[in-house]
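Take these sequences, add in the hints, and give me the full structure.
Top to bottom, those sequences are chains A and B. All you need for the numbering used here is the position in the first sequence, starting with 1, plus 1417. All you need for the numbering used here is the position in the second sequence, starting with 1, plus 9.
Read the hints as simulated data drawn from the structure, not as lab findings. The model shown is predicted, which means the values in this text are computed figures rather than measured ones.
Okay, the calculated bits of chain B under chain A, using three or more residues with CB under 8 angstroms as the criterion: (1) 49 to 57; (2) 64 to 72.
Straight-line C-alpha distance at most 30 angstroms; calculated DSSO-like pairs for lysine-lysine: (3) B:K48 x B:K105; (4) B:K48 x A:K1502; (5) A:K1444 x A:K1502; (6) B:K108 x A:K1502.
Where a beta carbon is used, it is the ideal one built from N, C-alpha and C, also for glycine.
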Amino acid sequence: MIDSITINGVMTMFGIALLLALFRLIKGPSLSDRVVALDFISTCVIGMIVVDAIASGESYFLSVAIVAALVGFVGSVAFAMYIQKGSDQ
Amino acid sequence: MTVYLVAALLWVAGIFTLIAAIGLLRFPDVFLRMHAATKVGTIGVISSLLALALYFDDPAIRVRAVLIALFLCITAPIVGHVLSRAALIAGVPMSKSTKFNEWDPETMNPELPKKDESQT
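Printed below as a string of structure tokens:
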């Protein structure tokens, strides 16, 4: 078993990182900053799922992590195409 | 022994993700922020996935962890490239400390050797 100090500390670090990325998502001067923050948030969520799987000893949520990685990638590329198309007009 | 290794990898993952978030918040430019968020964040999550693969003995979970790590390794550079290209085309302003922009011929450093277009 991993001790609870490690689990709680790492989970808190991921939570603080999520809060900082959320601040950038709200504040971001351009749309590109917000998309970068969204991509980082999806990466952070994958990390939190992995830490939770280690803490609880259950592996059910790992499929959710795979799906989160896929959806984050497709969403970021779609937003990038939207930014690029919007600049043409 | 494995437990200590897993705990150390988890701490590494947390510290790297926190550094990536601080860089995402503090860098002055969208391109520099992308540099922090894609590379350092990916390293952090891959470290936690390595801890997951070490902690469980089940081969199915290890395959899943390696699959997620491989997928992140493939997609993070693609996302960084596509987003920075879109931001460059959309005309997002760079920070003032950027020395020169190779895609902008007016601000390009004249000391650099110019590309011969007949060779390209």
